[in-house]
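A.B. asks: Protein sequence lines correspond, in order, to chains A and B. At position 448 of the first sequence (counting the first as 1) the number is 448 in the numbering used here, and the numbers step up by one without a gap. At position 308 of the second sequence (counting the first as 1) the number is 308 in the numbering used here, and the numbers step up by one without a gap.
Calculated directly from the structure, the hints in this document are not laboratory data. These figures come from a predicted structure and were not determined experimentally. It cannot be assumed that every hint is accurate.
[What the hints assert, rightly or not] Cut-off 25 Å, straight-line C-alpha distance, at most; resulting in silico cross-link-like pairs (DMTMM-like, lysine to aspartate or glutamate):
#1 Lys71(A) <-> Glu55(A)
#2 Lys397(A) <-> Asp469(A)
#3 Lys157(A) <-> Glu55(A)
#4 Lys417(B) <-> Asp225(A)
#5 Lys385(B) <-> Glu55(A)
#6 Lys157(A) <-> Asp341(B)
#7 Lys348(B) <-> Glu98(A)
#8 Lys101(A) <-> Glu342(A)
#9 Lys349(A) <-> Glu182(A)
#10 Lys140(B) <-> Asp87(B)
#11 Lys250(B) <-> Asp341(B)
#12 Lys260(B) <-> Glu249(B)
#13 Lys71(A) <-> Asp469(A)
#14 Lys49(A) <-> Asp185(A)
#15 Lys144(B) <-> Asp222(B)
#16 Lys140(B) <-> Glu249(B)
#17 Lys397(A) <-> Asp476(A)
#18 Lys101(A) <-> Asp341(B)
#19 Lys434(B) <-> Asp341(B)
#20 Lys101(A) <-> Glu350(B)
#21 Lys334(B) <-> Asp219(B)
#22 Lys433(A) <-> Asp195(A)
#23 Lys425(A) <-> Glu352(A)
#24 Lys150(A) <-> Asp341(B)
#25 Lys286(A) <-> Glu342(A)
#26 Lys385(B) <-> Glu182(A)
#27 Lys425(A) <-> Glu228(A)
#28 Lys434(B) <-> Glu89(B)
#29 Lys417(B) <-> Asp469(A)
#30 Lys385(B) <-> Glu228(A)
#31 Lys348(B) <-> Asp87(B)
#32 Lys417(B) <-> Glu228(A)
#33 Lys348(B) <-> Glu149(A)
#34 Lys187(A) <-> Asp469(A)
#35 Lys417(B) <-> Asp288(A)
#36 Lys21(A) <-> Glu350(B)
#37 Lys193(A) <-> Asp267(A)
[Said to hold, decoys possible] If you anchor each label on the Cβ, the simulated ranges turn out as follows:
#38 Val459(A) <-> Ala442(B): 29 to 35 Å
#39 Ala19(A) <-> Gly48(B): 42 to 48 Å
#40 Ile431(B) <-> Leu448(A): 42 to 48 Å
We put the beta carbon where it would ideally sit given N, CA and C, even for glycine.
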Amino acid sequence: MIAVLLFLVPLISGILLFATKNAQQAKMLALLAAIATLVVSLLGLTALKQPAYLEFDVAWLTGINSRFHLKLDGIGQLVCLLTAISFPLIILSAWNNEYSKPNNFFGLLLLSQAGLMGVFLSVDLLLFYFFWELALIPVYFLCSGWGGEKRIAVTFKFFIYTFVGSLIMLVGIIALYFQCNETFDLKIILSQKIDPQVQNWLFWFFFVAFAIKMPVWPFHTWQPDTYEQSPTPVTMVLSGIMVKMGLFAVIRWVAPVFSSAFYQWGDTISLLCIVGMLYASVVAIKQDDLKRLIAYSSIAHIGLMCLALFASNKSGMQGAVLQMFVHGINIIGLWIVANTIEQNYGTRKISELGGLAQQAPTLTIMLVIIALANIALPLTNAFVGEFMMFNGMLSSKITRYNELDTVLAGLCIILAAVYTLNMIKQVFYGAVKREAVGNNAFTMPVKLALTVIIVLILVMGVYPKPFLDLTNEAVDAVLNRMITVK
Amino acid sequence: MNAIIFSAIFGVVMMFSGVFFSSKQLIRNLAIGLMAALLVLNAAELQGYGLFDINLNNMLHFTSFGLVFNCIAFAATFIYLLLSARDIEQVGVNLAEYFALIFFILCGVGIATSFNSLLMLFLAIEIISIPLYILTGSDKRNLKSNEASLKYFLMGAFSTGIMLMGIALIYGATGTFSLDAIATATKGFETLLTGGLLLLLIAMSFKVSAAPFHFWTPDVYDGAPTVFTSFMATIVKAAIFAAFIKLFEKAYLPSVASWKAALTFIIVATLFIGNITAVFQQSVKRMLAYSSIAQAGFMLFALFGYSDFGKEGILLYAAAYSAATIGIFAILLKMSDYTFDGYNGLAKREPVLAFVNTIFLLSLAGIPLTAGFFAKYYMLVAAVKSGASLWLVIFAVLCAAVSVYYYFRVIQAMYFKTATTEDVTTAPVTINFKVILIVLAAIIVLLGLFPHWLFTKVYF
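Chain B extracted, bound-state conformation (with noise of 0.2 Å):
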């Protein structure tokens, strides 16, 4: 209950902030600050501090999955803005009302990893989209960003006819919008329940990026501002991750063996078209594009096995991933040309990027001692335990192999090539972003090493 609060109230604070400060820093750091505060306020709740007793009618639940979640998501954003506050300034004018869109997309995440009811997860879903179409298009004088925002919008504001229509069905079938009465609903209205599950999956997988409902992601990811793209990316498609493990977890628990078929054939379509897709770009941010529908296909998994095992690979996948992606957009800002031969010689000019670098795209390819290998491994085991064919976890491990292959093309520009022209560059960067840069990386090392850290508060 904190983080929803507090982050609405955060973001009305950011957007009056910009009458009131003129200083660009001040906003900044005032962005940061509120963002650092919502961090503890949640791992307050966490602990069981909770500061607000609302009685909710059972809409709202808060477990302590979803408020570790919260704490990954808004650690991911405080990184981010660390990172990249200085760059959210490049995009426009109005940079007061870009963190208060952030915040609001925050608020929308803590809805979505708490609801209970099938409004509620819609209200999560509009709350975190509307301020990402307006992210999108925030460079309003590029037209590619202002054809990804209408494109962007135009595909969502379907997706959610289509996830609201999956409401309504359900809601005729059952009778109710809570998870937990459906879980145990009488199957009375047996095609109607299908129909609308149906629906809602589709509309999910949508929103998640997965094949085949994953057409926007390149030209959206591609077209906005890379600074949203990162947080698009990362923080917002994990939130909408454990939204949908839940909803699989409840709503469609009654008849889950029915739709592990369509699971299935939509994990293979995206990682099959996520990986074999990435190997033909020649832009590294399309890349990572790509790279991010095939990374879902992997966090797919987790609904395939929706055992504490896969929550508890959702978790660590959700860190690995979002830390790893955040990193290496951070250092794509910086780089004067987005193709892998901009890539080339980063090791000679910038040795500490480089390196850092390399340990986040290894952990994206899911190579050990990197956060990444276990975040795959648990979403296989949990794969394996809830009964999935062999072959599916085979298909996946090659697709694996496919995209070492596009993570490695930017260590071999950045390692072993030599910067053939002089216009390459990077912009220049401060002792503070190499030093955040290293202290994510070995975040990332660390929880290669001992994953089970991230859960032990899950428990208690």
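With the rest of the complex left out, here is chain A (with noise of 0.2 Å):
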């Protein structure tokens, strides 16, 4: 039940949005239906936390065995906890915007939503595709309407990346398919022997798509633009949630399943990972635009994720899981402070921008506050899954280059002090360069939304133990399996 009802409250909503008449209605209702999904998943996560309410199967397409099977499970459970945190405030932040055809405009963005929530949830492989290319529409009918100058060429490019991704994915899908008896299941994929050999090409099938959408260097290059000519809420819900599916697939579909390849090849994807990462740190160094800087300091921590992913044993993996939740907080609270300048101020050239401090001294605090969670100071939440990361780096049993890799990942932790503390530097101190235009977008809702996060950032730092817990058990399971199929 639970586990259908998230997937079902933001599309029955999204779908009714369309018919709403002016904006006022819109937001309303957007925002209630996020904070029911908020509610339900919460409640999976507690009260009702039975495998009976966790788990929808029914017959689906009979005669090609797959099933529409959703299940809240497993690393599963974090990754909807941080979809359902996020669109409330993504929606708070976002409401004193003002937006042509709000009504179509929160729709999408709700339709999005399920679509992510499939993503999460579907244990049928056909499904999880089914969810993967759904989640994709909604997100760029809304790049397109409501981006910036550039946003069709933009959206177009991101959106055939991923598509070209997505279908090389079919094809693995297919082929897995046919090594596997004819199922989708992931328990039944999940009790087949798949010979290394045909894993190690398999893999690639998959990882391909996965990596466009995380996205590891090369196939980074969609990723700046995209976050620059978005509307702010959509780079939220891009950046803070859907990248996060190309981390939570390899967690659910491909570690598991292409264990021997995961080993085979963890070295090159390290090597990527550590080239992309430190090219997106360097290059946030030199970028003037505010939202082009966070999106390369995402591609780095992004990056950081993938890497302490393929280190293949529990610190390194608990860690991940544990950032991509922080992360997803964490960026949608930097994507805040970014919109809420620029809507001031009138612009997010850092060059343009000075002595903000003195202007708005609560916005100051907040985005410091966030901004050192963003490179992981101790007492924020970053810091612990950071931590965490590099411990499982420096252990990690499967690579010859523990050493190299940690110091490597370690010198982008230093470079993205170096970007993010300049920022602050030249943004919020110095002499004042620009007055605020027009209305204050300081609002109550955006205050509310940054005090949830900074809460979040704080609590989360001190006392992660609980959202760890979540995940044990299932970072185990995979671990497990991996370690039986060596």
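Put the complex together from the two separate chains, hints included.
C.D. replies: This is how it looks when you write it as structure tokens:
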């Protein structure tokens, strides 16, 4: 029941939203639906945590053995929670923005949430693919319809990029289907032995799709442009949740199913991740546009998570999973601040801003906290995850390059501090370069959203245990499965 | 049998209706009514109520697959008439004759899905082709239409010649026209048989506009009156595919392994030429012509894997492709400007049309939740199942990715661009027209969720 509600609530309310008449009504309904989803998700993690509620399984395509099978379990719990928490925050932060046709805007936003939930819930491979593509369609229309100047070309590039990845995965799915006695069920797939030789090439069909989504270097070229051109709430969906689809899919589908290939290609992918992290960090230092800076910093963070996953041990994987959640929350906070600055001062060029601390002290404090979380200072939520990831990398038994990997990844953390602190210095301190224009966009809903984020940052930084417990078993299961195959 | 006999009778009825009725509306409604009757009669035969029991000496063989296919073709024609009958009126003065020709083509479709003898195949192809030559040239005062018609006729006659030659060689090798006998024939005259089959393959490829025999398609589709292009590119093409797949299942069966190389070449060339050329088109109508070539490339996979799976796939593909293309053409007919720019700002002017058009285009591109996705999926699975190289499948999906480019250009124009000039207009559309389009879109989405509904009848 819970599983299907998580998907149905945003879907139905998203469709209903298209019929609403005025902006206020649309926003209210969207917020209510998002909060309802959050409540359902919290119930699923606490009061109603029983297998019967968390699973939904009906026949779908009888001819080809595919079932409509949703299940809230393992790592899915954490990313579903992330999705459920993020959307109220995103809608709050967009509360005072003016959009043409707000009903369509919020409707599509909720439809994308439904797609994302589907991806995180489905345990049938074909169904997973279905949602994987469907999550993209509303986002395509959102970016092209409400984005910046170059939105059409940029969004199109993004769409084609990810679509090519998905289609390659589709070929992989068909190949896997025949390797596993014509089934799509995750459980049955896991019970099959797939020839390591086959795994070695089949692995890439899936990984390329996921790598494009994350994105891992060299598949990242769609990302900065798309983040820059999309309307900010959509950028939040993209960077906060959608990129986690890739990481999530690696843990749920690639690691357990292609275990031997996972070990085999670990070093290759680690190399890609490290190159991408260094590249993105260096490029981030040179950025003058707030949005692009955050976009590149996101590439570096995702690269780190992917790297930690391929360390294939408990600490690394747990850390990466926790960090998926944390990064989602933090980056939404960063986007909210960037959006507020842009609306208040009419620019998001770092060189044109300065001395905001005198003009907007509250905003400054909030940004500094979120920015410090972004560079993983102790007592913030990101510290726990990053510490575990580095611990995992250093103690990884499957690679001979632990030290090298760790040192290079550590270098990126230092670079992250360079560009983040530099940004804070230029934007918030020094001489006042620009006066606020128009209305103050730092309104109650935005403050509320930022407060929630900051509370999460501090609470998770001090007491991350409940979140770690949530995925503990699932990570163990994945790792056990990988070890037995080895 | 119902379908063949009644479509011929209805064709004759329509022909004379022009003499007895002068009201265009009456003729139009008569055609739509008869079409519905034909659909019902064919469905009745599927349920076991065949009205005729004639000894055909096994020249025709009615299978549930063929009858389901007829149902799809007739239902598509029915929707096509509902949407575009008014536009048929605009083409010329001989309204009744156009409808009559459409019914005659459907008679050919009925034979093409049930033939069991090469002679019947020839007859089916000719019954389909000759009315098409006329329909292509029906816009008599338009030079382009005349040119297209002549081109189509000359090329068509040529390919018919090749087909006859092939049939003759096969007859020479096996001494029979019957598919069953050819399938089990001893390979006494290997060269003759192979030569015959090769000629037959070429002729059929020509008819389904597979590369490298596709050169007539863009010109003919572009030159023909748009309303008939829609019919030609969907129902007719799908029907010839049904014949093609039956041919492959029987006549090519003994030597199927050796034909796979040739088929692979045809598939790759068709997908490549269709998709790449479509990218460069400026006119949506011409783009659709190339897209129909590209889609044919996917349908050819059904021949590659001629299993039950492939047959299910071709049914689904025929339904998905026909429904979407008919819808797109129906909307195209309302546009004053056939270029991509003509679609600019359609979402503002006609939100319903833009919305359903988006669903049709997404279906052609093969996005999940539309019938087009499962159609492509079944084709690819059928190919892999019958041992196609994974490279071929990858090539096909990459071509599908290319197709997204030109289909999405229309979506971009409709939603994200604004009309620059005042003279870009859309003809007024009725509520009924919109309702039918919405129903069509709903069918596509339903088939995108539950594709197997279409096949349930095949096995009973």
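A.B. asks: Does Asp225(A) lie within 25 Å of Lys417(B) when you go C-alpha to C-alpha?
C.D. replies: Measuring from Cα to Cα gives roughly 20 Å; hence the hint holds.
A.B. asks: Check the hint pairing Lys397(A) with Asp476(A) against an upper bound of 25 Å on the C-alpha distance.
C.D. replies: Given pair Lys397(A), Asp476(A) holds - Cα atoms ~16 Å apart, limit 25 Å.
A.B. asks: Given the hint that Lys157(A) pairs with Glu55(A), does the C-alpha gap stay at or below 25 Å?
C.D. replies: Violated, because 37 Å separates the two Cα atoms, which is more than 25 Å.
A.B. asks: So if I understand the rule, the pair passes when the alpha-carbon distance is 25 Å or less; does Lys334(B) with Asp219(B) pass?
C.D. replies: holds, 21 Å
A.B. asks: Hey, Lys187(A) versus Asp469(A), does the alpha-carbon distance stay inside 25 Å?
C.D. replies: holds, 23 Å
A.B. asks: Check the following: the C-beta atoms of Ile431(B) and Leu448(A) are separated by a distance inside 42 to 48 Å.
C.D. replies: With Cβ atoms ~46 Å apart, the hint holds.
A.B. asks: Keeping to a limit of 25 Å between CA atoms, is the pair of Lys49(A) and Asp185(A) held or broken?
C.D. replies: The hint holds at about 23 Å.
A.B. asks: Per the hint of 29 to 35 Å, is the separation of the Cβ atoms of Val459(A) and Ala442(B) within bounds?
C.D. replies: violated, 48 Å
A.B. asks: When you check the alpha-carbon spacing of Lys150(A) and Asp341(B), does it fall within 25 Å?
C.D. replies: Holds, at about 18 Å.
A.B. asks: Is the hinted pair Lys193(A) and Asp267(A) satisfied, with a Cα-Cα distance of at most 25 Å?
C.D. replies: holds, 23 Å
A.B. asks: Can the restraint linking Lys140(B) and Glu249(B) be considered satisfied, given a maximum Cα separation of 25 Å?
C.D. replies: With a Cα-Cα distance of about 41 Å, the restraint between Lys140(B) and Glu249(B) is violated, given a limit of 25 Å.
A.B. asks: Can the restraint linking Lys71(A) and Asp469(A) be considered satisfied, given a maximum Cα separation of 25 Å?
C.D. replies: Status holds; Cα separation ~18 Å.
In summary, the structure is inconsistent with hints 3, 5, 9, 11, 16, 22, 29, 30, 35, 38 from the numbered list given earlier, while agreeing with the others.
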